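Protein chains in written order, with the numbering used here: chain A, 1 to 113; chain H, 1001 to 1113.
The hints are simulated quantities; they were obtained by calculation from the structure and are not laboratory data.
Which residues of chain A face chain H? A partial, calculated answer using Cβ under 8 Å:
no., residue
1, L44
2, L46
3, F90
4, K100
5, G104
Result set (PhoX-like, lysine-lysine): computed pairs, CA atoms no more than 25 Å apart in a straight line:
no., chain 1, residue 1, chain 2, residue 2
6, H, K1011, A, K42
7, A, K100, H, K1057
8, H, K1057, H, K1011
9, A, K100, A, K69
10, A, K100, A, K49
A quick note: this is a predicted structure, and the numbers were derived from the prediction, not measured. Glycine residues also receive a C-beta, built at the ideal position from the N, C-alpha and C atoms.
The lines below spell out each chain.
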Amino acid sequence: AQSVTQLDSHVSVSEGTPVLLRCNYSSSYSPSLFWYVQHPNKGLQLLLKYTSAATLVKGINGFEAEFKKSETSFHLTKPSAHMSDAAEYFCVVSVAWGGKLIFGQGTELSVKP
Amino acid sequence: DAEITQSPRHKITETGRQVTLACHQTWNHNNMFWYRQDLGHGLRLIHYSYGVHDTNKGEVSDGYSVSRSNTEDLPLTLESAASSQTSVYFCASSGKGLTGELFFGEGSRLTVL
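Same shape as in the complex, but just chain A:
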């Protein structure tokens, strides 16, 4: 069965410092993995996706994630946080064809001035 675990429910960083949001996954086959972002009172937006091509995936707004099969991880990083990055982030694994996805519990990112 597929599952995803986000290791931190809340992360706080200062503006201009690096961001690391951690995600481990479990999948019985080669997974597709995604990060989505949700700003307050909004729907979710795709940040980036891994679908068995390059293991380092670049997304929007300077975010990137590295797929590490040996560690079953898909951590999200950004070199320098911006105030507008404050949001909730979801790590997601695909279950099967057709866009059926399993969401992690979310990590709330706070950015301090």
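Please arrange chain H on chain A, whose structure you already have, making use of the hints.
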């Protein structure tokens, strides 16, 4: 521009009443999904559809039903609302194939008193 819209955005109802949340997408997507979002649970899949007249149960389908009579709409019905169904509901859609990019509506906040 293509979009996905949900209505109502906010709804307060009483226990035992029937409630229908509407979802309409203009992407012409085959796949449509309903999720609920609760604190500490991330997003959980309620029902999904891969095309007209196709519906499938997700992980938390009890007490909910959907029907798909056309490509654009997937209404979610709570037959007899319960307080445990107080939540934020998100509709999403995706095109053919496993791209993983779901397009989300902005959510419907339902309170059952």
